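**Student:** Just so we're aligned, residue 0 is where the sequence shown starts under numbering that gives the first Met the number 0, counting upward by one.
Warning: the hint list may mix true and false statements.
[As the list claims (entries may be wrong)] The calculated lysine to any residue pairs, modelled on SDA-like cross-linking and capped at a C-alpha distance of 25 Å, are: (1) K184 with S97; (2) K172 with A93; (3) K219 with Y231; (4) K350 with K148; (5) K350 with T275; (6) K37 with E348; (7) K148 with A160; (8) K148 with E209; (9) K264 with Y242; (10) K172 with K219; (11) K264 with A254; (12) K121 with T275; (13) K148 with N212; (14) K350 with M235; (15) K134 with K37; (16) K197 with T105; (17) K219 with T135; (18) K148 with T95; (19) K148 with P217; (20) K121 with A254; (21) K172 with K121.
For the record, the hints were derived by calculation from the structure and aren't laboratory data.
Being a predicted model, the structure only gives us computed values, none of them experimental.
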Amino acid sequence: MKTNNLLSTFFIATTICLASCGRDETPIPEIIPSDGTKLTLDGGAGASDAENAVFVDLSTDKQSSVKRVSWNLGFYNGSNFRVIQNSMTGAAAAVTTSSDINAVNTTNFDISVLSSGTVPEKLALYDNPDGDVTKTVISEINATEANNKVYVINTVFAGAATEANIWKVRVLKSGTTGYTLQYAKINETTFKTATINKDGNNNFQYFSFETGNVTVEPAKTDWDFVWSKAMYTTLMGTTTIPYIFSDLVFTNHLANVSSVQVIFKNTDGTSNGNPTYDEFEESNLAALSLSAARNVIGSNWRATTGTPSGAFTDRFYVIKDASGNVYKLKFLAMGAGSDGGTRGYPQLEYKLVKRG
């Protein structure tokens, strides 16, 4: 009887030890970043007016396409309480003097101010294209409700503002972790209410006036840049004006993605001494200063008119993701000039230079 008890005790102790040791020694799965590949982005129908925005994650070779028109407002998940409008549709907004959403209508607000135009005065209708969340048309949401004014939004980019596309909104704080949105069409006398809670896994929580809460961006650690048509700026002579661009590329600056442009040819096609895409390797990184600005790539990678046009062949980009992986990336074609691509389906290639 004692022998059986001793054997049982030994078996139980051995089992516990093996289970415990197994737990302690189980290695954490290693996430190996992609060595690089070629991608054709799925911009969808529309050519230069492609219907999709495409988010790209280099370390997993993944792209995520979402309809540009699928959202109207983005609610910041960071420490500040800020709201962005949809630059991907060229949405425009202006503040009113009222804090009563039901009191605002076309008799006391001139919706024509929300029409698009290539004059400097129109810049005030759009969030700053550098992606700084403190430079939005909608002011930071105030803890004192009466200080939060009503804004009127034209959800489309158009030379003439029409009532069908005009909404009015008012945003309040919902406790310390969310937002309360009041929204209605411009001449409606009752409004709808939605609560948007912050989620630290994402840069923004997105909302559609038509469908409610929607998913737009992947989780903030799961993408490095987005390709889309969007509101931007350009120069008319020496004057900065608003202009809606196709084929813009913005890096995920809010999640610590950084980048730099490397031009390796002079305008006459001769080498300027910088390494080419094929030549660039880890030892070349020390000579670069990567930028946290989201528009380093912007529209700089291509031209739609002039000579040359299409995807430029004299440059590439170096991108460092939030995990410290460093990639070199070049655009191969975009469907302009004679680059052989299809508009709305840009082609690119990238290669891992340094693992994070």
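**Student:** Is the Cα-Cα distance between K350 and T275 25 Å or less?
**Tutor:** holds (13 Å)
**Student:** Has the given pair, K134 with K37, been kept, meaning a C-alpha gap of at most 25 Å?
**Tutor:** violated (35 Å)
**Student:** Can the restraint linking K148 and N212 be considered satisfied, given a maximum Cα separation of 25 Å?
**Tutor:** holds (22 Å)
**Student:** With the threshold set at 25 Å, check whether the alpha-carbon distance from K219 to Y231 stays at or below it.
**Tutor:** holds (23 Å)
**Student:** For the pair we were handed, K172 and K121, check the Cα-Cα distance against 25 Å.
**Tutor:** Status violated; Cα separation ~29 Å.
**Student:** Regarding the pair K148 and A160, is the alpha-carbon distance no greater than 25 Å?
**Tutor:** holds (21 Å)
**Student:** Given the hinted pair K172 and A93, is their Cα-Cα distance within 25 Å?
**Tutor:** This hinted pair holds, its Cα atoms lying about 20 Å apart.
**Student:** Taken at face value, is the distance from the CA of A254 to the CA of K264 at most 25 Å?
**Tutor:** violated (32 Å)
**Student:** Is it true that the CA of K350 sits at most 25 Å from the CA of M235?
**Tutor:** Distance ~37 Å between K350 and M235 Cα, so the pair is violated.
**Student:** Under the criterion that the straight-line Cα-Cα distance not exceed 25 Å, is the pair K219, T135 satisfied?
**Tutor:** holds (20 Å)
**Student:** K37 and E348 were given as a pair; does the straight-line alpha-carbon distance stay at or below 25 Å?
**Tutor:** holds (4 Å)
**Student:** Holds or violated: K184 and S97, Cα atoms, limit 25 Å.
**Tutor:** holds (16 Å)
In summary, the numbered hints that this structure violates are 4, 9, 11, 12, 14, 15, 16, 19, 20 and 21.
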